[in-house]
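Undergrad: The chain contents come next:
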Amino acid sequence: MAQQAAQRPQVDPKQLRKSLLTWGIVAAVVIAGSQIGWGTIWHEGVIRPMLNALLFFYAYLGRSFIASIAAITILLRLLTMPLQIKQIRSTKRMADLQPRIAEIQKKHAGNKEKIAQEQQRLYQEAKINPLGGCLPTLIQFPIWISLYQGINSVLADTPLELMSLGKNIYTGFSKAIEVIPLQSVFLGMDLAKPDPTRLVLPVLVAATMWLQQKMMTQPSTDQQQASMNQTMQLMMPLMFGYFTTQFASGLALYFVISNVVGIAIQWIVQKIIDAGDKDESAGQVTRTKKAGNGTKTD
Amino acid sequence: MIKRRAVALVLMVVAVVLTGCMGQGAVTNAGWTVAAERDGTVYTALATGYVLALDAQQGSLIWQYPETQAATGVGCSIARPADEQRAGPLDAVYGPPLVLDDVVVVGSFDGNLQAFDRLSGEPLWSYTVDQAIIGSAVEADGVLYFGSSDGNVYAIDAATQKPVWAQPFRTRNRVWGAPEIDGDRLYVASMDHAVYALDRTNGQLIWERNLGASVPGALTLADGRIYAGSVDRYLTCLNADDGTVLWRSPQYEAWVWGEALVVGDGVYFGSLDGAMHALNVADGAPLWPDVHLEGAIRAGPALLGDAMLVGTETGYVYTVALADGVNSLVFGDRKDEELGAVLSTPVVEGDQAYVTTATGRVVALDLTQRDPVLWVYPPVESK
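In order, the protein sequences belong to chains A and B.
Residues 1 to 298 in our numbering are what the first sequence spells out, letter by letter.
Residues 1 to 383 in our numbering are what the second sequence spells out, letter by letter.
If you are wondering where the hints come from, they were derived from the structure by calculation, not from laboratory data.
None of the values given here were measured: they were computed from a predicted structure.
Think of the CB as a built atom: it goes at the ideal place given N, C-alpha and C, for glycine as much as any other residue.
If you want the footprint, here are the derived chain B segments under chain A, 3+ residues with CB under 8 Å:
id, segment
1, 170–177
2, 205–216
Chain B is faced by these chain A residues, among others (derived, beta-carbon under 10 Å):
id, residue
3, ASP157
4, GLY166
5, LYS167
6, THR171
7, SER174
8, ILE177
9, GLU178
10, ILE180
11, GLN183
12, ASP190
Next comes chain A alone, as it looks inside the complex (with noise of 0.2 Å):
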């Protein structure tokens, strides 16, 4: 009998319920879309409340649409920050591995499977997923498009989009009416309107996307991965900065405050686990200096 119970796998409680609880959103959300309808769990779930929000804080912020945006982007930055803090440390310990990574395909060159085998072994063994650095990052997305929308929707610059503002204030909400239509002039630039020189707000967010990507990164031995990240550190700029010219100068200016935040964040948080290795490695030369006095006096 103890044979055999030793024989079973080994199932951590831990991750059997945070397995399961993920695996019980996935069908609830799942069951509801299929239930309430994609569009109508989006519609009222994202957008109607990002709307509400950035006129809330247009209300109350001096009814200024700038002040509106750059409160809902910290908001949103800081409800976010967990995740970041995550990607962060995944990020670090990703690099951290790199000399044993690079040792891995030293060893076992021109055997991809071993090499694959082996990191996995690897990442299993440190406890990092290597996709889940990933998580803040796709988190940004529907934060991005909810917010193009609730912008445009707010800004209400057309008739239709108006009408449809005046369906999507919540009932009770009566701010709101004495702010509408929103002052959408911030420094002579109509934020529902592409940047009119199509110059400031691009270089701003290919700038400040691409100091916040090179804080990201860490350093790769993997030539490939290295080049792999140069690549992104450069497209990604660009690809925002191109964005920048086509859409609202309102969602531009998100995305420089985003990524300012996103930077400040990143340089704190990094401070802060530098501190922590510091101490991690004081901790282990005092031990290794008192398990040395110890031998002596053992």
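Model the placement of chain B on the given structure of chain A, informed by the hints.
TA: Leaving out everything else, chain B in the frame of chain A:
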């Protein structure tokens, strides 16, 4: 590497979604199709940006601007060159065409007020302002008056297109409704919450009344009273002489946007929650309980004998009796769904009505018939 590729893929999908790739020649900012009728011809600006003259009886095309169809195919709207836009259909049109003796005048979202020869459709002139022209222009004594999203009210000579006032009258926000004219006065509402009375000879302010909320639609002027619907869900009745508030309606469930219809002792109008309201012009007391139709009512009702014709966002058209609010659906059963929302006031001429839809169609109805559809332009392809 997998991570980076996944991110790159998602980025590309987002790029396509956000930049809105669509068929070339498609209109990125569609209006809601508007029409006017004169001497047996229906003049319309479709949601696709085409301006047409149609035979009112047959629905056959008399003229079209531009004459040729825009290029079709797959491409991104953002990649369209500027000159293609200029030579092509108009930008979105929201105000019904103003039909004068010789010309048809249409305002568009790109800030152009354009005139076409009434008989041939040949473009005659264009007057450009800084921002969108949403409401129709009105004409008196050879002068055209119109508002714009730039907050200005303009007066230009219809023959020379020269400004008549020393400078446009400036409000503090968008002017989306068509002005109303009475003698030497011009009344106009702005999204700055105010209704203005101007001297139409020189554009000088006579009085201004703040209603506390934006007035997105056109005013209605009847018997020395002005009726203004606003986004705070009221209809307000003002004295046209001095702008004093005579009464306010009860606060409704949704915005009052469309213009009102005044007949005898009653004022009739809809709201975005699909309700039709009838009030006594003397004191604003309800004439009958609100009637709920299916879909938001954006536009004002049109008079049809002892009833009114009302279009809704769901694409339905109803008759509502003036006396008691009894209503019946005349057009828009499920098979007509593809025709789209009715967001502009129907045009009634005798027993016939012309209804315009957001998908860019004009539907002629014979209201004496059980199956009232006379013609649809452009025709709907059978499925």
